[in-house]
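Quick note, the sequences are listed as chains Y, L, D, G, U and S, same order.
Following the working numbering, the numbering of the first sequence begins with 1 at its first residue and continues without gaps.
Following the working numbering, the numbering of the second sequence begins with 1 at its first residue and continues without gaps.
Following the working numbering, the numbering of the third sequence begins with 1 at its first residue and continues without gaps.
Following the working numbering, the numbering of the fourth sequence begins with 1 at its first residue and continues without gaps.
Following the working numbering, the numbering of the fifth sequence begins with 1 at its first residue and continues without gaps.
Following the working numbering, the numbering of the sixth sequence begins with 1 at its first residue and continues without gaps.
Simulated from the structure, these hints should not be mistaken for laboratory data.
There's no promise every hint is true.
The list cannot tell twin chains apart, which means a pair is met if one copy fits it or any two copies do.
[Said to hold, decoys possible] Below, computed lysine to any residue pairings styled on SDA-like, alpha-carbon distance capped at 25 Å:
1) K45 - E260
2) K161 - D139
3) K159 - L30
4) K158 - H144
5) K36 - L182
6) K279 - N162
7) K174 - D132
8) K36 - R299
9) K210 - A103
10) K3 - S302
11) K210 - K237
There are 6 protein chains.
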Amino acid sequence: MRKLKLFTGSVNNELAEKISMRLGVPLSPLEIKRFKDTETYVKIKEKVRGEDVFIIQSTSPPVNENLMELLIILDAMKRSSAGRINVVIPYYGYGRQDRKATAREPITAKLVANLITAAGADRVVTVDLHTDQIQGFFDIPVDHFVAYPLFADYFKDKKIKNIVAVAPDTGFAKKTRRFAKLMEIPMAIIDKRRPAHNRAEVCFVIGDVKNKTAILIDDIIDTGGTISAAADALIQKGADKVYICATHAVLSGDAVKKLEVCKAKEIILTDTIPLASNKVLKKMKIISVASLMAQVIERIHSNESLGKLFYWEALV
Amino acid sequence: MRKLKLFTGSVNNELAEKISMRLGVPLSPLEIKRFKDTETYVKIKEKVRGEDVFIIQSTSPPVNENLMELLIILDAMKRSSAGRINVVIPYYGYGRQDRKATAREPITAKLVANLITAAGADRVVTVDLHTDQIQGFFDIPVDHFVAYPLFADYFKDKKIKNIVAVAPDTGFAKKTRRFAKLMEIPMAIIDKRRPAHNRAEVCFVIGDVKNKTAILIDDIIDTGGTISAAADALIQKGADKVYICATHAVLSGDAVKKLEVCKAKEIILTDTIPLASNKVLKKMKIISVASLMAQVIERIHSNESLGKLFYWEALV
Amino acid sequence: MRKLKLFTGSVNNELAEKISMRLGVPLSPLEIKRFKDTETYVKIKEKVRGEDVFIIQSTSPPVNENLMELLIILDAMKRSSAGRINVVIPYYGYGRQDRKATAREPITAKLVANLITAAGADRVVTVDLHTDQIQGFFDIPVDHFVAYPLFADYFKDKKIKNIVAVAPDTGFAKKTRRFAKLMEIPMAIIDKRRPAHNRAEVCFVIGDVKNKTAILIDDIIDTGGTISAAADALIQKGADKVYICATHAVLSGDAVKKLEVCKAKEIILTDTIPLASNKVLKKMKIISVASLMAQVIERIHSNESLGKLFYWEALV
Amino acid sequence: MRKLKLFTGSVNNELAEKISMRLGVPLSPLEIKRFKDTETYVKIKEKVRGEDVFIIQSTSPPVNENLMELLIILDAMKRSSAGRINVVIPYYGYGRQDRKATAREPITAKLVANLITAAGADRVVTVDLHTDQIQGFFDIPVDHFVAYPLFADYFKDKKIKNIVAVAPDTGFAKKTRRFAKLMEIPMAIIDKRRPAHNRAEVCFVIGDVKNKTAILIDDIIDTGGTISAAADALIQKGADKVYICATHAVLSGDAVKKLEVCKAKEIILTDTIPLASNKVLKKMKIISVASLMAQVIERIHSNESLGKLFYWEALV
Amino acid sequence: MRKLKLFTGSVNNELAEKISMRLGVPLSPLEIKRFKDTETYVKIKEKVRGEDVFIIQSTSPPVNENLMELLIILDAMKRSSAGRINVVIPYYGYGRQDRKATAREPITAKLVANLITAAGADRVVTVDLHTDQIQGFFDIPVDHFVAYPLFADYFKDKKIKNIVAVAPDTGFAKKTRRFAKLMEIPMAIIDKRRPAHNRAEVCFVIGDVKNKTAILIDDIIDTGGTISAAADALIQKGADKVYICATHAVLSGDAVKKLEVCKAKEIILTDTIPLASNKVLKKMKIISVASLMAQVIERIHSNESLGKLFYWEALV
Amino acid sequence: MRKLKLFTGSVNNELAEKISMRLGVPLSPLEIKRFKDTETYVKIKEKVRGEDVFIIQSTSPPVNENLMELLIILDAMKRSSAGRINVVIPYYGYGRQDRKATAREPITAKLVANLITAAGADRVVTVDLHTDQIQGFFDIPVDHFVAYPLFADYFKDKKIKNIVAVAPDTGFAKKTRRFAKLMEIPMAIIDKRRPAHNRAEVCFVIGDVKNKTAILIDDIIDTGGTISAAADALIQKGADKVYICATHAVLSGDAVKKLEVCKAKEIILTDTIPLASNKVLKKMKIISVASLMAQVIERIHSNESLGKLFYWEALV
């Protein structure tokens, strides 16, 4: 019978170690190097012929490097006769380029799906795609997990009263609603708009947040501008306290600085993207997806149902 | 040089006639019949060899019949050596099955995209996909148009004051915001939820609608339940008047009845789906997409840019 | 090891039950519904991850509904990581559209093969394709069975003497010959033609049928016109008695009525298409393919040879 | 605009010359050689970049050599950026292996279709496929012509009375009927069977041939056994005279000898396969398909309809 | 579990027998015949459903016959539901047509790779491809072995001193170097060139061969011209003795004669191509690849690493 | 008729400008930016619908960035309905990973070919692929040019006597020979090897270089180690002067330093990769490929033969 073999690209070493420990399956060795001319070289250092291979790699920044590394690993796996090639992508980069918003743009999230398939993947496991529809960019099976039930558990433990879930923009309204429903709390939405020509953008809060604890929820914190402005606007509109939850800690540019100065009391993130030590703030809290990923991998390997891991679905 | 040849499946005869007149290009004959055993038979009654063919067909109810008819037309076109096969799908059915919402579901909107491509389409033109991401379900070019600028023009002519755009649920919040921004009006959202176990669902209105004219906006009116409940809830929350805008008039079940009795003053629809005469209400207003589609077809045929037709994009 | 999981679409419930009983494998639950807007919704209600799945679905009338349902089930299976997806199509609809008979026609039987493959099938099992060549429309394995040995067994039990096999038209001459050879009886052919302009079509009988028991054999009875006229013509030409055998009981329009009044003594059909109760005639006899299908499924599942089930081949 | 460029592989030189003359388009030079190690080498000796290329090559014996030569020409054309690659295959070899007749056989006619497509063909033009369904083995357009109207013209000129069309076996009954209908004559069929165990096969004639002129019609004469036995059987059953018509003169083994000694008065063939001088008999008559092929090529090149060339279709 | 089933096409009977004996797995029966019209017919005479099939077939002369035979076997295997289809191609014909050397040529080695994949192969095992890059013409796994370590073992046993490895042309310089490195001996290269216009080509020897034992090494001996001229040139330049090593004994035209009269003392070949009895010279020595192939097949079947068989790689 | 539209990615701005000037076709605008999170964003700023698009982009360091940028441009072009998408890749990165040299490696040069094709390219134009066989990694047309005739012209103008062409290793022997033949000069080869265990590698010169002007020729100078050691070894073996020619100036690490201190008199490079100002040495000479590329683009656009640009082929 096929053995489970666990590999990690160069992005998620720490997460992969955790998953490996939970699974009781050691990480198999993979030689990855960048030649002086910047070309990526990969060599699989252990037999994969016929095995059930799982490769963990977020396509987080530097996204092009990390994506190409993943594609090259896939090519090596395919040509080495791996039995089944499963790709675990905790953070799926380019997810926001998922449609043509204006004329003559690419749909890079679809391009990436095509590249991953062309390179040889048999299945994708991922967390909090920017839009659910990206699942349909693939014709291979995609097992897609969301992190908000982990955030909900975290807040239930805190036993805070009088909470409101807040979407930082209309694009995240639907997912915020799912979180609100799971928590059985009301919701509000922020609409950032220019009140008139030649005026700066202002955060309008749609819905009631006064004297409440607001939980801002998003999939990605990138430059941190939107979410920190949202947090401050909520306090200004009378919210008592603001928490920020986000699955993917991209944190580019001076995001950390903005998060530090904003009025949010706590920022809850996951480890789909490893956090560089210089990006850690005291008010950050990291929830690991390792346990979830380990269960998923184990069940996929032994052909058990993943359905039970989707308990929040009844609420959708 | 390739000639433009215009065909219609059996769904959009009236719309196709309008497009044909605007283009000054007659509809080419297509024999379509259902045999007694329900099989669809298609025969192209005019030369298409080498021509630039446009086929107009909404995959509206009965969706499986209409979709299969389209696929069979495509197969006939491909085998008859049509030069380029463009499919104009004013209403793209199955658009709401665009992701796995729970375990072991299909993603039928992607399946349909694959079927259309496999049958031989070279390009798709469509209006108001249920989610923009469906563009990325295709690897052939998709020219995607939205109808809300047509609605905006309609309301600008009315010169109503003190308006608010309202999303009937969180899933349509983002598109409602685009409409609101184009109209330079505020927005609100309806969140239909069960206040407690064993209690009926209630429409919560997030945002301020009191003494305002509310414009509810959605892509599809299917059974009409959500939108008519939303209209009534807005009146109850103090809105002066309610208008309903929706691109695709699916109107299944007793939708027309619900729309009739609901408190909306006017219902603005388009002709992406033909409206049966027994479904017409006095308070309905139909805006035709014929002019837009005719321009699109003409520009595609003569390889001109479609960019100018996307004037609303700057606002996205 | 992979488990055998048996599913049925909404067409062949009774046949599927029989197969399930013979296999000792229960039918796995599949939620199939039509929404009010006519869209088909499918949800697999049991784990299929890694399993050896068999889906039973004839693409009988209403063919477009039943075919789309099958394609959607396939998409759901593929995205749910079924181990191997076997499709059992007792009656393959659109089989008669298997070539371009005139200019600018589709080859819908090939289109359907492409759609089934694109949707995710790994193998097809089917009975009495309209032409054997449809096997070659697929690049996945097709296990194709014929029903005439079942008919032959039936007639051997009757121990009738002086029989002739009759093809209702030249298109079925080759298959009739196989049946005749297996039965070791002579054959005749009917050639329906217009004797002169402005004259009605007449059935010419090529070959000797006088004072014989004629067995008319065909793959499909659709509107019943050809076969019932053939039966009457045989009696007129002096045949003693006429039996009609046909694998697929499409029976559209007033076929049942025609069969009732025609001079055939008995009509032998199979259950590849379920017979509505209002279509049952006293002179009909249904031979079930359940036992054959159960054996086929069992052997495919356990990777045994199907060769032994093809005993009639030596005669081809 | 694209130019028409005409090429021939090494099979149909004479036919290609005739087509070239009728078209007024010279044959473009193609270097084709077999190296000493039997490898085929091809070099296109004239620019094809962007041109509308037609390649004439029957896959007649030696079929593997001729097919591989065609595939290599196609690869060269594709890599040389030919604008559109049309393959004219007057005789499509392996056409009789068009289904699995017994277990564990290939469907070589489909394999060949896949190989031709994989090598780069954009379209296929062919004559009298062994079964019409082979059209559906392709997903590229196939323009398929039949030769029997040419035979019909030939016989109409002879003004013979009291004719019967005869199918040499049941497999050709359907096509014989088309010929019979076009000629407005009756038909008969030959059924070659073993009357009892340990007895030699005998040709049973189904239908009436006595005192008539019989026209045996088939697509291929291969070893000539079936058709010459059929001719003799017809004379024995009282036919006055026998003509043999067949499109493809494969004539393998001692076919010519059998044809010579058989009782057929005349044998009418076409030039889809060139006839070696040592295979010519006095009683053979060759009808050229050059004119038909030239018209087809011209119309395809100039994107005109081929429909008018299919005048016999109304009769099907 | 899948069983290993071993088949051979009609080329490598003797080698296949040896492999079969070493594996302790009998050759499974395969009916292969050429019909009189030169068409190849294949029938698999034993169950392959679900099995792990290995097919041994060099595409040696007559290359088109042997390649088509292989493709037809593959099609039969695929349609018979073989579990995994492994192709062992000891000699990969058309390997020298691996690039466009001049304008408007095919890349036949790539075409062949596409044909093998299209016909249904899941994996290729091969020996001494003309260029290593042909591996990359496939997207299925290729396990590629080289024969020069076998030659090195042979010469190590001979314990000859003062040896030099010689490439017969610059194209084989790189592989000669690998051999030289493995043997720890120096190397030289032959550059055949025309010293001036209107002068015959002359073999220039680059490097020092005087008073040495020269080992000429090449992948293929085809017409034998280059290698026998090279052997003679080496003697002329003062080499003591010359050995010729080549993996693939194509030996076309009068190659054997040239080899016989040339000054090489011994010619070492392998059995990737069977040597006809009339091609055997006394000074030929055949080293079998059977043992290597048997190990490879066994390890592939049981999903063991092939890495250990690549011991020479460290030297590359 | 299609217009020629010229675009450049962010690599070859200067070369693209030169090509644009020679063609008299302005560079069309392309917005390319890297977001803060490192994602690449592309927007085509000019209509491409139906046009004949040429995109110039070397996949030079940073190779992953530049390759992904190219793929994203291709996706945008495809979805914007460009008429034909031609990619001009003056330097094809990852070319050296063109085979599995040891077990469980990728063939990244093939992966890259697949990615470029999957992203939407219709044709590739490139210069001096690391191995010619990479042409066969594509199934779309590849127009491949070599730079050594440009080097030959350069040296012919210098009118140096007594020259020898030297391959820096055996892998480049074949291409060095072509250069030598074009120049009508002899050749030598360098074989870098370890004379004994624990000894440093030494450059052995195979062939005669004493008192000659040596021209070292290679496709790529990467870290510069091999070529500068080769230059010094040639001087040590008595060469008078050494020139270095190489097409692609990758120049990674301290390559420039090594080149500066080595004993080569002059280093001739091309502009397939732009040379950063801090990498320019006095003894470097840059020959532009702009004129060649401009001719190629013009001829491809107007469907003229490229054959005449391949004048050196006769020598191969």
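Here's how the hints hold up against the structure:
Taking the closest pair of Cα atoms, K45 and E260 never come within 25 Å of each other, the shortest separation being 43 Å inside a single copy and 38 Å across copies. When the C-alpha separation of K161 and D139 is checked against a cutoff of 25 Å, the pair qualifies neither within a copy, at 44 Å, nor between copies, at 49 Å. In this assembly of identical chains, K159 and L30 lie within 25 Å of each other by CA distance neither inside one copy nor across copies; the values are 45 Å within and 40 Å between. With identical chains, the CA atoms of K158 and H144 are never at most 25 Å apart, being 27 Å at best within one copy and 46 Å at best between copies.
Neither within a single protomer nor between protomers do K36 and L182 lie at most 25 Å apart by alpha-carbon distance, with minima of 51 Å and 29 Å respectively. Taking the shortest Cα distances, K279 and N162 never come within 25 Å of each other, neither inside one copy (31 Å) nor across copies (46 Å). Taking the closest pair of Cα atoms, K174 and D132 come within 25 Å of each other both inside a single copy (11 Å) and across two copies (15 Å). For the homomeric pair K36 and R299, neither the shortest alpha-carbon distance inside one copy (41 Å) nor that between copies (37 Å) is at most 25 Å.
With identical chains, the CA atoms of K210 and A103 are never at most 25 Å apart, being 41 Å at best within one copy and 38 Å at best between copies. Both within a single protomer and between protomers do K3 and S302 lie at most 25 Å apart by alpha-carbon distance, with minima of 10 Å and 13 Å respectively. Proximity of K210 and K237 under a CA criterion of 25 Å is satisfied in both settings, with 6 Å inside one chain copy and 20 Å between copies.
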